[in-house]
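A.B. asks: The listed protein sequences correspond, in order, to chains A and B.
Just so we're aligned, residue 1 is where the first sequence starts under the numbering used here, counting upward by one.
Just so we're aligned, residue 1 is where the second sequence starts under the numbering used here, counting upward by one.
Don't read these hints as lab results, they were simulated from the structure.
Accuracy of the hints is not assured; some may be wrong.
As the list claims (entries may be wrong) - Here are the in silico distance ranges between beta carbons for each label pair: (1) Thr144/B to Glu99/A: 57 to 67 Å; (2) Arg200/B to Phe67/A: 32 to 42 Å; (3) Lys76/B to Gln57/A: 22 to 32 Å; (4) Asn142/B to Ser185/A: 31 to 41 Å; (5) Ala96/B to Lys192/A: 30 to 40 Å; (6) Ser167/B to Ser286/A: 50 to 60 Å; (7) Gly50/B to Ser185/A: 56 to 66 Å; (8) Glu196/A to Pro39/B: 36 to 46 Å; (9) Ala99/B to Ser286/A: 24 to 34 Å; (10) Ser286/A to Gly50/B: 37 to 47 Å; (11) Leu188/A to Glu93/B: 20 to 30 Å.
Please read all numbers here as calculations on a predicted model, not as lab measurements.
Backbone N, C-alpha and C fix where the C-beta goes; we use that ideal spot for every residue, glycine too.
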Amino acid sequence: MGMNRRRRRGWSAREALFTSLLAACILTFASPNAAHSQTTTFDPAHSGQDDTAARAQRWQALQKAVFGQRTVENDTASLITLDAPPRALDAALVPIGIELAPGKSVKSVWLIVDNNPGPLAGHFTFGPKADPRSIKLRVRVNEYTYIHAVAETTDGKLIGVEKFVKAAGGCSAPGGADDSEALKSMGLMKLKLLNEFSTSKPMQAQLMIRHPNFNGMQMNQTTRTYTAARYIRSADVTYNGSSVFHLDSDISLATDPVITFGFVPHEKGQLKVVVKDSKNDTFDQSFDVPAPVS
Amino acid sequence: MSRAFSLSSRIARCATVLLVAGFAAAHAARSAESTEPPPFAPEPEGYWTGAMSGPVPETLKGGKVIHLEELLTLLKHGTVATVDVSNKPKRPEDLAKDALWLPLPQQVIPGSLWIPGAGLGTVERAVETVYRKRLSTATASNPTFPIVIYCHERCWLSWNAAKRAVSYGYRNVYWFPDGIEAWKAAGHKTVVAQPIEPKRVKPAAAKPKPSAPAPAGQSEVKPPAS
């Protein structure tokens, strides 16, 4: 407190104003992000007017396509935190995290990669056994893009947040070296519980699904032809027969999807995963929770 | 009076702190970004047939590597053929009818030809014919006419296509590896282009039947490595 008082006495309003103006000057002239700096580093906020307008227009078009007449509100109450790397070197595996603030109940979440040709990467619809507060997954990014996460609250509102990601080429990147190998192990799944089992607390689990998720834009390394599209259309996760989440998905999901999600077990039981792909194949696997000690 | 004075002082100080914090954050973000290594791949002997997106070489045998400034100089002189060899988005088979499929229009450097497929490791014969023909027209069959080839950053398509142009005998082939991303980042205008493709007589008439995955243990016959 004493320190504070001394500082207040020693720093007149005029001085403070001068200092802040000085800081503003430094910020304007020294910041690499200043609008007039001749840098080739991409900055969405200071790119050409056309670019900014084009991005806004794209998001408008996508909102209309996905949500129709419903409006997506800005997240003024900090409901959603969207985690995405500002720059991802592997555009075929861009990690995304969606955190929802506790308190507000959320029915579903959309993840949209604006500039991908198939922009809707996933739509999670939560069931009674879900703890929707944290989801992680990996997506493909075709070119520099905004990524949007839109949550639908139980009172019917749509709330969206966005992040800009610099990555290019993920949609045509091959998933692995050998397509036939990838198809052989397709549908295998693994589940990892990320915290100690407890009946009273929500749990986090990491689900790994072997699936090449070919989008038809990848080249086979051996035959040098395009590999036929084959991708996950939906995934259903249930706990003791009650839904945790339903995921509608598309070609923007990365090869071998890894999905981290929360659920509320209440009692020991079984987590069942059913995955359907675009060739109408169904893969299912059940996991004991907690896993029996071996 | 003194109260008002102290309030304005507090506001000003608050603004200072915010500005300084913003300044620091901007720099932190930038330095975190610049620590990433710039990985270069060695030049392969032939065309690159691996993953098209990833680290690319620093050089191109028989051609010249250019960056934005050199590109702008070339464009200023006007007599240059620019070719974008980015892939064309392909609607996946079996995509549900109501699925969201909204590829963006292809944005290119003004004046560019967009020839998708010309930069693949193995080029389709019909695509190569189109590529050769278009290069020939654009350069008035003059082998010293400058040609700029690009696609995206960290993309082999343009490297392959540039190498191909060198093999056709063009002596001023410029490869612009920074791609459309660098062009846009510098605030330059782009225009929408339509793909230049060979005319398909019967587009996908014989649709291959979806084959079941090979059962485990049964290995597929692979063509002998050459």
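A.B. asks: Indicate whether the distance between the beta carbons of asparagine 142/B and serine 185/A respects the range 31 to 41 Å.
C.D. replies: violated, 54 Å
A.B. asks: Does the beta carbon distance between serine 286/A and glycine 50/B stay inside 37 to 47 Å, or does it fall outside?
C.D. replies: holds, 38 Å
A.B. asks: Using the beta carbons of glycine 50/B and serine 185/A, state whether their distance is inside 56 to 66 Å or not.
C.D. replies: violated, 22 Å
A.B. asks: So the hint says 32 to 42 Å: do the beta-carbon atoms of arginine 200/B and phenylalanine 67/A match that?
C.D. replies: Holds, at about 37 Å.
A.B. asks: At the C-beta level, are threonine 144/B and glutamate 99/A separated by a distance inside 57 to 67 Å?
C.D. replies: The hint (57 to 67 Å, Cβ to Cβ) holds, given that threonine 144/B and glutamate 99/A are roughly 58 Å apart.
A.B. asks: Does the beta carbon distance between glutamate 196/A and proline 39/B stay inside 36 to 46 Å, or does it fall outside?
C.D. replies: holds, 40 Å
A.B. asks: Can the suggested window of 20 to 30 Å be confirmed for the beta-carbon pair leucine 188/A and glutamate 93/B?
C.D. replies: With Cβ atoms ~24 Å apart, the hint holds.
A.B. asks: Within 24 to 34 Å or not, the Cβ separation of alanine 99/B and serine 286/A?
C.D. replies: Holds - the Cβ-Cβ distance for alanine 99/B and serine 286/A, about 29 Å, lies within 24 to 34 Å.
A.B. asks: Honestly, do alanine 96/B and lysine 192/A meet the 30 to 40 Å range at C-beta?
C.D. replies: Distance hint for alanine 96/B, lysine 192/A holds at roughly 31 Å.
A.B. asks: Evaluate the given range 50 to 60 Å for the C-beta pair formed by serine 167/B and serine 286/A.
C.D. replies: For serine 167/B and serine 286/A the Cβ distance comes to about 56 Å; the hint holds.
A.B. asks: A range of 22 to 32 Å was offered for this pair. Does it hold for the Cβ distance of lysine 76/B and glutamine 57/A?
C.D. replies: holds, 30 Å
In summary, the numbered hints that this structure violates are 4, 7.
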